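Novice: Now for the letters of each chain:
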Amino acid sequence: MRKLEQVALGLAGGSATAALAYAFLRVAERALLPEANPAILIGVERSAFAFRALSALYFGGFGAFGFAALALARPLVAARLLRAAVGLAAVALVAQAALAP
Amino acid sequence: MQATRRLALVAAVLLGMTVRVPLGGAAPPGTAPSAASSSAASEGAASRAVARFEEAEQARAEGRFAEAVRAYREALAAEPSARFAPVARARAEDLEAHAEGGFAPLLALTSARRALGSAAEPEARAAVEALARDLRGFPEGRVRAEAAVLVGEAWWRKLGDPRRAVEVLTFAAEDAAGDPLTRQLALTEASALLRERGEISAALALLERHAALSPGALAEVRRLARRGALRTASIAVLASLVVVFVFAFFGAARRLGGMRFAQRAAVRPLMVGFSLYLGGAAAVIVRLRGEGDPRPFLWLGLGVLAVSIVARTLALTSTRGRAALTAARVAVCVAGVLAAAFLSVERTDASYLASLGL
Numbered sequence: 026m027r028k029l030e031q032v033a034l035g036l037a038g039g040s041a042t043a044a045l046a047y048a049f050l051r052v053a054e055r056a057l058l059p060e061a062n063p064a065i066l067i068g069v070e071r072s073a074f075a076f077r078a079l080s081a082l083y084f085g086g087f088g089a090f091g092f093a094a095l096a097l098a099r100p101l102v103a104a105r106l107l108r109a110a111v112g113l114a115a116v117a118l119v120a121q122a123a124l125a126p
Numbered sequence: 007m008q009a010t011r012r013l014a015l016v017a018a019v020l021l022g023m024t025v026r027v028p029l030g031g032a033a034p035p036g037t038a039p040s041a042a043s044s045s046a047a048s049e050g051a052a053s054r055a056v057a058r059f060e061e062a063e064q065a066r067a068e069g070r071f072a073e074a075v076r077a078y079r080e081a082l083a084a085e086p087s088a089r090f091a092p093v094a095r096a097r098a099e100d101l102e103a104h105a106e107g108g109f110a111p112l113l114a115l116t117s118a119r120r121a122l123g124s125a126a127e128p129e130a131r132a133a134v135e136a137l138a139r140d141l142r143g144f145p146e147g148r149v150r151a152e153a154a155v156l157v158g159e160a161w162w163r164k165l166g167d168p169r170r171a172v173e174v175l176t177f178a179a180e181d182a183a184g185d186p187l188t189r190q191l192a193l194t195e196a197s198a199l200l201r202e203r204g205e206i207s208a209a210l211a212l213l214e215r216h217a218a219l220s221p222g223a224l225a226e227v228r229r230l231a232r233r234g235a236l237r238t239a240s241i242a243v244l245a246s247l248v249v250v251f252v253f254a255f256f257g258a259a260r261r262l263g264g265m266r267f268a269q270r271a272a273v274r275p276l277m278v279g280f281s282l283y284l285g286g287a288a289a290v291i292v293r294l295r296g297e298g299d300p301r302p303f304l305w306l307g308l309g310v311l312a313v314s315i316v317a318r319t320l321a322l323t324s325t326r327g328r329a330a331l332t333a334a335r336v337a338v339c340v341a342g343v344l345a346a347a348f349l350s351v352e353r354t355d356a357s358y359l360a361s362l363g364l
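Respectively, the protein sequence lines represent chains R and Z. Take the first sequence: its letters are residues 26 to 126, numbered as in the numbering used here. Take the second sequence: its letters are residues 7 to 364, numbered as in the numbering used here.
Source of the hints: derived by calculation from the structure; they are not laboratory data. All figures in this text were calculated on a predicted structure; none of them were measured in a lab. Yeah, the Cβ is synthetic: ideal placement off N, Cα and C, and Gly gets one too. There are no misleading hints in this set.
Subject to a maximum C-alpha distance of 25 Å in a straight line, what follows is the list of computed SDA-like cross-link-like pairs (lysine to any residue):
(1) Lys164(Z) / Ser117(Z)
(2) Lys28(R) / Gly286(Z)
(3) Lys164(Z) / Arg131(Z)
(4) Lys164(Z) / Leu187(Z)
(5) Lys28(R) / Arg99(R)
(6) Lys28(R) / Tyr283(Z)
(7) Lys28(R) / Arg270(Z)
(8) Lys28(R) / Leu276(Z)
(9) Lys28(R) / Leu101(R)
(10) Lys28(R) / Arg318(Z)
(11) Lys28(R) / Val273(Z)
(12) Lys28(R) / Ala271(Z)
(13) Lys28(R) / Met277(Z)
(14) Lys28(R) / Leu106(R)
(15) Lys28(R) / Ile315(Z)
(16) Lys28(R) / Val278(Z)
Away from chain R, derived, C-beta distances all over 10 Å, residues of chain Z:
(17) Ala46
(18) Ala88
(19) Gly123
(20) Ala132
(21) Gly143
(22) Arg233
(23) Arg261
(24) Val273
(25) Leu322
(26) Arg353
(27) Gly363
Assemble the whole structure, with the sequences as input and the hints as a guide.
Specialist: Structure follows, in structure tokens:
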């Protein structure tokens, strides 16, 4: 596998992981730390939504490195896992929007 | 004419109600005094009460406690509703609660307290030494524990002898005749002093012996003891990893034909990038949020890099029995990452651990 393909797989995997992470963080916050609607608070200086988005991006970085490492060792497995991760991220975001907006 | 007579009669009745004129000779015995004389009597009682209260205050300041109690009680009896009555009552009750031994222990305690507050260090030290010798012979009561607390705090904070302070504060905490609040103070001071000296296990043993007196302090010291045990275990895990790495590295170097090859094989660019990202990105997010210490995350990144190098080196040396060895390697490295994470937080900003009960 070429370096560019490895990087692309890593970035794609990281994006899917970031979306999954956001859904998980939002559900966890709603369950453990109830707060007001983020759409109203988005302009606030210390917005919980902004911090949640940053955290999701951070965890997405873990996914990027993981997928890049897997792409180097097992490219086909990485590709199949990426397909599953994207589907799972879409389902998770829809479920989070419905259950814990 | 009749109206005038009626008017005169009404006026006479009204006048008779306001003026009481004795009908010859002295008033018969048992009758109430006049308003003027009762007013004079109450003023006399008030001034007597004030005088006795002032005498009581003077006696109390001069250490004549028995006399002070008597004077307070007499002042209260003379004027129970005086302005000083609550103060007099509280001081009399306090003195009576410290009356064991005929007030002699209380006098010794008060003298030592005065010497500590005003005298130079040699005189203060002599007063504390004298009180420390005498308090063991004090009769059961509140004064003994209070004297022990005074001696303990003096040795700790003023005279620089914490070892003796622990002993006497423990004595005060274990004095069953002492006031519960005094015992609780002695217990928390003794445990704080032991913690300051790094003797967590001794502080825990002391608090567990008197758990009912200070449950909050006991929970805090238990948490510190858990943290200390985890710190020891983490250091042991990382030290073991270092030893394992040294052997594995020389094994890998022998296998790959040189240290340079082993080094190149052990340090992977992707792992270095991930470790730097793990620590650096988290530190940036913490700084952007404006609160929190980024140092734990930076040290965590370095710790993960070190453990990953050890894991990679171990992988280079393992050949047969791969599944079992792989499982062992994974377990060791997970323990190493957890140890690095714990130490990086505990050594830089331990407040993060409080939310985890550590």
